[in-house]
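A.B. asks: Chain by chain, the residues run as shown.
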Amino acid sequence: MSVKVKSGNKNGNSGELAPTRHDLHGARHLPGHMYTSRDIFDEEIEKIFMKDWLCVGRVEQFPKAGDYTAMRIAGEPVIICKDKKGNLNAFSNVCRHRGVEVAPVGSGNAKEFSCPYHGWLYDLDGTLVGAPFNKEIEGSFDFKNCRLNEVKLDTWEGYIFINFDADAVSLKKFLDDDGIDICAKACQPGKTMISDEYTFDLECNWKFVPENLMDIYHAKAIHGDSFAQRFTMEDFGFEIGPGGKYHASYESNTMAPDGLPLFERMPWMQDKGEYYAYTVYIRPTMNFFARPDMLQPWVCYPLDVNLTRITIWTQFPKDNFEQPAFWERSKVYADFIRLVAAEDADMMRSLQNGVGARKFEPGPTVHLEKAIHHNLNYYLDRMYGEEAGVGKSR
Amino acid sequence: MTFMVPTTYRGTSTIRIKSTSLYYSDKIYELEIEKIWMKEWLCVGRVEQFPKAGDYTAMRIAGEPVIVCKDKKGKLNAFSNVCRHRGVEVAPVGSGNATEFSCPYHGWLYDLDGKLVGAPFNKEIETTFDFKNCRLNEVNIETWEGYIFINFDADAASLKKFLDDPGVRKCEKLLKPGKTMVSDAYTFELECNWKMVPENFMDIYHAKAIHGDSFAKHFVMEGFDFEIDRGGRYHAEYQSNTMAPDGLSLFGPMPWAEDKDPDFAYTVSFHPISTSSGATTWCSRWCVTPWALRECK
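Top line first, the protein sequences correspond to chains A and B. Here the first sequence stands for residues 1 to 394, where the numbers follow our numbering. Here the second sequence stands for residues 1 to 297, where the numbers follow our numbering.
No wet-lab data here; the hints were simulated from the structure. Backbone N, C-alpha and C fix where the C-beta goes; we use that ideal spot for every residue, glycine too. A few of these clues could be false.
[Said to hold, decoys possible] Computed Cβ-Cβ distance ranges for the label pairs, DEER-style: (1) A:111 - B:190: 34 to 40 Å; (2) A:38 - B:190: 25 to 31 Å; (3) B:34 - A:26: 32 to 38 Å; (4) A:117 - B:295: 31 to 37 Å; (5) A:342 - B:196: 31 to 37 Å; (6) A:117 - B:188: 42 to 48 Å; (7) B:183 - A:38: 56 to 62 Å.
[Stated by the list, open to error] From the structure, some residues in chain A lie toward chain B, with a derived Cβ separation under 10 Å: (8) 22; (9) 27; (10) 77; (11) 355; (12) 356; (13) 357; (14) 359; (15) 374.
[Said to hold, decoys possible] Once the Cα atoms are required to be at most 25 Å apart in a straight line, the calculated DSS-like pairs of lysine-lysine come out as: (16) A:220 - B:75; (17) B:52 - B:39; (18) B:115 - A:359; (19) A:220 - B:123; (20) B:39 - A:359; (21) B:27 - B:72; (22) B:160 - A:185; (23) A:359 - B:27; (24) A:185 - B:132; (25) B:35 - B:115; (26) B:52 - A:359.
Take the sequences, apply the hints, and build the full model.
C.D. replies: Take a look at the structure:
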């Protein structure tokens, strides 16, 4: 990794951001230290990841009461768990006694959560229900109303979103404000289930992941032998919107070897062409992709300034799971997305090293990078305010 | 800071081992990169490793991606391996022969001396970007006696000036490395701070203890004649076996060393980066590049 940490741009008002603020034609990519500075990373966590709704799972991953996942998102320990009433809950995985994680990072099924350190006991919705010497504690501590701190949780089309900000707007409003509902209508992810979950950690800043996934300019160069044998480049119809969003319908092969689908078109995709493809970006780190036969969103969240955890789900209509040889066929898709992800991973690792080079200068944006440019400008709005870094040319 | 640098710089009778933080501190390491590695001439190869046009090596030195490449005119060039579009390495780390460098991410194309010669949608880019004068950032490159040196500092003094030392002059005269060729390049990564490596090369105190059964059987320790040069360098003529089992040379003396004793040996440090050694029948060079705080190559 890069060894140098350049001083962070604290207020974003310096001229170095003006080239990114320029209109797409003539703009430049972000300065390198925006991807390597720990100060900027810390600011991103507070301003973005502790504010926005974050997609962390699928409802079908929690079929039974007690099914849970414990994870750390940008360092925040959180548990997603289905309680006995069938509700999904999210709460802070931090014992109210000393702060130890009551469940180790990972997934499983629990009857309750017993903190491994001193045995404080919490039920499936995070309420404190017992502790050694509880009588003594009750004398000076509101034991009855004590619970693991709640984290907001809501679902959309089977995707589980959480929000660390108690004052956040509803998930519905968050998604509607950005016009994400268009995706629900066209792709109907709620009628699908995941056949494969691929999670891996990549040695790059988190911003490179959505950037890469909305980068049409790179598609042929990197993926020309895999899914981009047939791919709309020149006439790619970027539809940009609020929240750094963009969505697009375009042409591509499906995400299987030689672009050959192994499944029928999904019932709600019958009217689409053979090479129909759709993508939408859902801030801050969900890039949703659809093909006529399957859905394949990417989500990621930061582990460190130069380390990011990426999850890719492959989804098929629920009825498909009953078809003969479903798992054999879906495995072909699972293997293929690992191949495609590896093609991108090498580039993202190299980006992280390259932008740390001393003489690195951000290069020009090309029209096929319209979504990246739009997204970077939204990112700068969020970080520094809408006027920050705006140059004379805009 | 808690470490005690000054003790290291007292007279040799009162010297103390440097505080370990100089080998373990990230901050110190970053300072070293800026003050030493980004300033000094660094030996990165031999000219005979690049016989043909297009022969190249892509490497990272202290995180800086760099390519050394022979162009079509036969000239060796060094340039930053960082695409001018997004910053991806245009050649993966390693060696090979190329007709040009095509960035794997978006296909920006550079010729063998690093000049941008093409890109998808170049017409569009040209209207707002100085496409014609765009090139991979140049890195200084020069050679001495067949060794390739690079320097990341555009304002660096010439390699000739850097090397203008009695120890180096003597090395040219005694060993004539320019008249030799590499028969073997051995590269390995070692889990230690880079400073340990040159320190070890110039450590006569350890020779018998560690190498007593190999080359140091006939190593003369007492009276080892250190000739201290500027810039933390030293050179010395000393007695040692050749670098072959039982100290038995399988070759005759090099023509320019026939008048030397069979156990003649010579060493010169290019502090702090590398060391050249030689004897009547061979010469060798150790180079070190930092990989991370506690790793070098």
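A.B. asks: Next, verify each hint and record whether it holds.
C.D. replies: Cross-check of the supplied hints:
Our hint of 34 to 40 Å for residue 111 (chain A) and residue 190 (chain B) is violated, since their Cβ atoms are close to 51 Å apart. For residue 38 (chain A) and residue 190 (chain B), the hinted distance range of 25 to 31 Å is satisfied, since their beta carbons lie about 28 Å from each other. At roughly 33 Å, the beta-carbon separation of residue 34 (chain B) and residue 26 (chain A) lies within the given 32 to 38 Å, and the hint holds. Between residue 117 (chain A) and residue 295 (chain B) the CB atoms are about 36 Å apart, so this pair conforms to the stated range of 31 to 37 Å.
Roughly 36 Å separates the CB atoms of residue 342 (chain A) and residue 196 (chain B), a value that falls within the hinted 31 to 37 Å. For the hinted restraint 42 to 48 Å between residue 117 (chain A) and residue 188 (chain B), the CB-CB distance of approximately 44 Å keeps it satisfied. The given range of 56 to 62 Å is broken by residue 183 (chain B) and residue 38 (chain A), whose C-beta atoms sit roughly 46 Å from each other. For residue 22 (chain A), the interface hint holds, since its Cβ comes within 10 Å of a Cβ in chain B; the closest pair sits about 9 Å apart.
Residue-level restraint check for residue 27 (chain A) holds (minimum Cβ-Cβ distance to chain B is 8 Å; threshold 10 Å). Restraint check, residue 77 (chain A) versus chain B: the minimum CB separation of about 27 Å is more than 10 Å; hint violated. Using the Cβ-Cβ criterion of 10 Å, the hint placing residue 355 (chain A) at the interface with chain B is satisfied: the shortest such distance is roughly 5 Å. At about 6 Å, the closest approach between the beta carbon of residue 356 (chain A) and any beta carbon in chain B falls short of 10 Å, and the interface hint on this residue holds.
Annotation: residue 357 (chain A) was flagged as interfacial toward chain B, and the flag holds, the nearest CB pair being 5 Å apart, inside 10 Å. Because the beta carbon of residue 359 (chain A) sits about 4 Å from the nearest beta carbon in chain B, less than 10 Å, this interface hint is met. The interface hint given for residue 374 (chain A) is broken, as the beta carbon of that residue sits about 17 Å from the closest beta carbon of chain B, more than 10 Å. Among the hinted pairs, residue 220 (chain A) with residue 75 (chain B) is inconsistent with the structure: their alpha-carbon atoms are about 33 Å apart, more than 25 Å.
The suggested pairing of residue 52 (chain B) with residue 39 (chain B) is violated, with an alpha-carbon distance near 29 Å, which exceeds 25 Å. With a C-alpha separation of about 16 Å, the suggested pair residue 115 (chain B) and residue 359 (chain A) falls inside the 25 Å cut-off, and the hint holds. A hinted pair counts as satisfied when its Cα atoms are at most 25 Å apart, and residue 220 (chain A) with residue 123 (chain B) qualifies at roughly 18 Å. Restraint check: the Cα-Cα separation between residue 39 (chain B) and residue 359 (chain A) comes to about 14 Å, which is no more than 25 Å; the hinted pair holds.
With a C-alpha separation of about 42 Å, the suggested pairing of residue 27 (chain B) with residue 72 (chain B) is violated against the 25 Å cut-off. The suggested pairing of residue 160 (chain B) with residue 185 (chain A) is violated, with an alpha-carbon distance near 71 Å, which exceeds 25 Å. Proposed proximity of residue 359 (chain A) and residue 27 (chain B) is supported: the alpha carbons are some 21 Å apart, at most 25 Å. Pair hint residue 185 (chain A) plus residue 132 (chain B) does not hold up; C-alpha atoms about 47 Å apart against a cutoff of 25 Å.
Note on residue 35 (chain B) and residue 115 (chain B): the hinted pairing is violated, with a Cα-Cα distance of about 29 Å set against a maximum of 25 Å. At roughly 29 Å between alpha-carbon atoms, residue 52 (chain B) and residue 359 (chain A) are farther apart than 25 Å, so this suggested pair is violated.
The structure does not agree with the numbered hints 1, 7, 10, 15, 16, 17, 21, 22, 24, 25 and 26 stated previously, though it agrees with the rest.
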